[in-house]
Structures are given as structure tokens and as C-alpha cells.
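Enquirer: Sequence:
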Amino acid sequence: MTMAALSPTAQFGPAPREVIARDVLRAGVGGRLPTTVHYQESLGVGSGTVQKALKDLRNEGAMSLVARGHQGTFITGLDAALLWSAARLSPVHLLLPPNAPPESMRVATAVAERIAPLGAYTTVGHLRGAETRLRAIEAHQADIALMSAGAAGDLLAAGAGHRTLTLESGTYYAPGSLVVVTRTPGPGHGTDGAALRIGIDLDSDDHQRLTHAEFPEGAGRYVPTDFTSVPRAVLLGEIDAGIWHTVDSLIPLDAAGLTVAPLSRPDAVELARAISAAVLVATRDNIPGVLLARAANEGRDLLATSAPAPGSDSPGGDDPLRLRV
Numbered sequence: 001m002t003m004a005a006l007s008p009t010a011q012f013g014p015a016p017r018e019v020i021a022r023d024v025l026r027a028g029v030g031g032r033l034p035t036t037v038h039y040q041e042s043l044g045v046g047s048g049t050v051q052k053a054l055k056d057l058r059n060e061g062a063m064s065l066v067a068r069g070h071q072g073t074f075i076t077g078l079d080a081a082l083l084w085s086a087a088r089l090s091p092v093h094l095l096l097p098p099n100a101p102p103e104s105m106r107v108a109t110a111v112a113e114r115i116a117p118l119g120a121y122t123t124v125g126h127l128r129g130a131e132t133r134l135r136a137i138e139a140h141q142a143d144i145a146l147m148s149a150g151a152a153g154d155l156l157a158a159g160a161g162h163r164t165l166t167l168e169s170g171t172y173y174a175p176g177s178l179v180v181v182t183r184t185p186g187p188g189h190g191t192d193g194a195a196l197r198i199g200i201d202l203d204s205d206d207h208q209r210l211t212h213a214e215f216p217e218g219a220g221r222y223v224p225t226d227f228t229s230v231p232r233a234v235l236l237g238e239i240d241a242g243i244w245h246t247v248d249s250l251i252p253l254d255a256a257g258l259t260v261a262p263l264s265r266p267d268a269v270e271l272a273r274a275i276s277a278a279v280l281v282a283t284r285d286n287i288p289g290v291l292l293a294r295a296a297n298e299g300r301d302l303l304a305t306s307a308p309a310p311g312s313d314s315p316g317g318d319d320p321l322r323l324r325v
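For the sequence shown, the positions run 1 to 325 when the numbering used here is used.
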């Protein structure tokens with residue numbers, strides 16, 4: 001067959017073994033594999049090419065199959081690491097909120113440790129706004145987005161083509177990590193007698209809801225503020241108070257003349273608890289998302305600490321989590 005006779009997919013698309021390996025990873029043990037005719041038609045290749053790819057993957061120990069007549073061919077066993085290599089998948093890219101809160105980094109490390117035995121790294125990027133991170137995975141610019149249970153509940157419509165893994169309470173906002181920052185000795189009114197200026201992040205659904213709960217209408221005047229910059233905005237006199245998700249700081253806030261206090265209104269405290277769980281979101285066909293969800297369904301706690309097997313903790317024995325800049 002000449003190159004001119006080949007379809008564009010056959011000339012430039014992924015090899016049959018790559019496509020089959022990805023399908024096996026998605027389907028898992030007990031899943032059904034598409035037919036040989038499906039691969040011929042979708043990839044523009046001959047039956048012999050598909051059969052060779054299937055045979056090679058079986059001989060390499062990447063998978064085992066059983067044919068059940070008209071019901072189709074089913075997967076009876078798989079080696080995820082061998083299939084990942086055969087599928088030629090890129091490192092897993094995980095999107096976190098900005099400023100790398102410690103809770104988010106713990107989740108990212110857990111994801112990287114779960115992915116590492118496959119021989120893959122996990123790279124981390126930061127994007128402001130849960131909706132922005134969601135749009136990035138929908139555009140296939142990343143594999144997984146991390147958001148709070150509150151944002152996930154607001155943004156994810158039922159049956160919208162997403163796969164979610166909800167972790168335990170406190171994994172996105174740890175208890176006590178959401179605080180009110182003011183100038184010492186505390187909130188009141190600005191030095192000019194004007195109404196309290198309250199920072200509110202219009203790009204963060206969580207921050208808007210928390211701010212309205214802690215500072216209801218009439219408590220002051222809302223001022224658009226990046227929630228990660230609330231301490232700086234208070235220090236510079238741009239706002240008088242704002243809710244902040246605590247992160248490590250080189251200079252303690254009290255040393256800078258700021259006061260940090262817990263949320264005080266019952267509605268805000270309850271809301272913080274209700275939205276505190278971390279949610280990992282992927283598109284339904286995303287392989288890393290499929291594998292993480294499958295592990296959870298098998299009862300394996302993503303955040304459980306366990307000693308990795310010697311030589312299998314990461315692709316090269318080093319940190320499996322990489323920062324993408």
C-alpha cells in the first residue's frame with residue numbers, strides 16, 4: 001500500500017497499539033474492547049495491523065483478553081504501567097489554585113504518588129478561579145482540576161461529561177484556614193469615617209459566598225480584591241478587611257501590623273465547613289481521571305500514606321511532582 005492510499009489517520013494519527021492501550025486503560029478489567037473492525041475503520045488500517053498490535057500487547061504482558069462470541073472481547077487482566085508506556089501518554093497535568101495552599105499541595109503530592117508507579121510524572125500548574133481551571137480541562141489543556149466542593153457543586157451540571165473524585169472534609173480548606181484579616185487592632189471603620197471596605201474576589205465563587213456570609217449587606221462596602229492578595233491589600237490601605245485562605249508567609253502577618261481572626265458569624269463558619277472538601281475533576285474520557293476514580297472505587301484512599309515499593313516510588317527515583325512554569 002502506498003502512502004497516498006493511506007488515510008490521514010493512518011499516516012499521522014496514533015499507532016493502533018497506542019489507541020488499544022488507551023482503550024484498555026479506560027475500560028479496565030471486566031470491560032469490553034472495541035472490535036477489530038472498529039479499529040480498522042477508525043484508524044484506516046488493515047486487519048493484520050490491528051491483530052499484530054493486539055498480539056504484541058498480550059505477549060508483552062500488558063493485557064489479557066477473552067473472546068465471548070457475539071458478546072465481544074473482554075479484558076481479563078492488565079498491567080497499567082506497561083499500557084501507559086504503550087499508549088505513549090504525556091505526564092499528568094494537574095491544575096491547582098494560585099499561591100499553592102498547603103491543602104492543595106498535599107492533594108497534588110498524593111496524585112503524583114498514585115501516578116508514579118505507572119512510570120509517569122505529574123506536573124502542576126496554577127490558575128485563578130475554579131471555572132477557569134474547569135474550562136482548561138474541557139479544552140484538554142490539562143488532565144485534572146482541583147476545586148472545592150462548593151465550586152464543584154456550582155459549576156458541574158449532572159451528566160455534563162465530567163468525572164469527579166470528592167475527598168474528605170477539610171482537604172481543600174483545612175479547619176481554621178479561612179480567616180479574616182484586618183489592620184490591628186481589628187475591624188471598625190476607616191480612618192476617614194467611611195464605611196468598612198471589604199475585599200471580595202469576583203473571580204472566586206467561594207470567596208464571594210464566604211464574604212457575604214461573614215460580612216452581610218450593610219456591613220460595609222465591597223471592594224474587588226484578589227483573595228490571594230487580601231493581606232497585602234489590607235496592609236496598603238486598599239481595604240479594611242477581607243477573608244483569606246492562609247498560606248505560608250515569610251513574614252508573620254502580626255509582625256506586619258495585621259490581625260488574623262477566625263470566621264465569627266455562624267453562617268460563615270457552617271459554609272466554610274460545607275465547602276471544605278477537595279474535588280478532583282476530569283473529563284469523562286481522561287485516562288488519569290479514570291484511573292484515580294477506579295482506585296477510589298476499589299477502596300484505596302488517595303490521601304492514605306503508605307511506603308512505596310523500592311524503586312517504584314517515582315519514574316526516576318526522584319520527586320514525581322513537577323512544577324510547570
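Quick caveat, the hints were computed from the structure, so don't treat them as lab data. Please note: incorrect hints may appear among the correct ones.
Label-pair restraints from in silico Cβ distances [unchecked claim]:
# : residue 1 : residue 2 : range
1 : 303       : 42        : 50 to 56 angstroms
2 : 260       : 301       : 29 to 35 angstroms
3 : 70        : 303       : 25 to 31 angstroms
4 : 85        : 29        : 24 to 30 angstroms
5 : 274       : 99        : 38 to 44 angstroms
6 : 32        : 273       : 39 to 45 angstroms
7 : 73        : 15        : 37 to 43 angstroms
C-beta atoms are modelled at their ideal positions from N, C-alpha and C, and glycine is treated no differently.
Enquirer: A range of 25 to 31 angstroms was offered for this pair. Does it hold for the Cβ distance of residue 70 and residue 303?
Expert: For residue 303 against residue 70, whose Cβ atoms are near 44 angstroms apart, the range 25 to 31 angstroms is violated.
Enquirer: Assuming the hint says 29 to 35 angstroms, is it satisfied by the Cβ distance from residue 260 to residue 301 or not?
Expert: With Cβ atoms ~32 angstroms apart, the hint holds.
Enquirer: Taking the beta carbons of residue 303 and residue 42, is their distance inside 50 to 56 angstroms?
Expert: Violated, at about 38 angstroms.
Enquirer: Is 24 to 30 angstroms right for how far apart the beta carbons of residue 85 and residue 29 are?
Expert: For residue 85 and residue 29 the Cβ distance comes to about 18 angstroms; the hint is violated.
Enquirer: Does 39 to 45 angstroms hold as the CB distance between residue 32 and residue 273, or does it fail?
Expert: holds, 42 angstroms
Enquirer: Taking the CB of residue 274 and the CB of residue 99, does the distance hold inside 38 to 44 angstroms?
Expert: violated, 23 angstroms
Enquirer: Confirm or reject the claim that residue 73 and residue 15 have a C-beta distance inside 37 to 43 angstroms.
Expert: Once the Cβ atoms are compared, 19 angstroms apart, the range 37 to 43 angstroms for residue 15 and residue 73 is violated.
Consistency note: the structure conflicts with the earlier hints numbered 1, 3, 4, 5 and 7.
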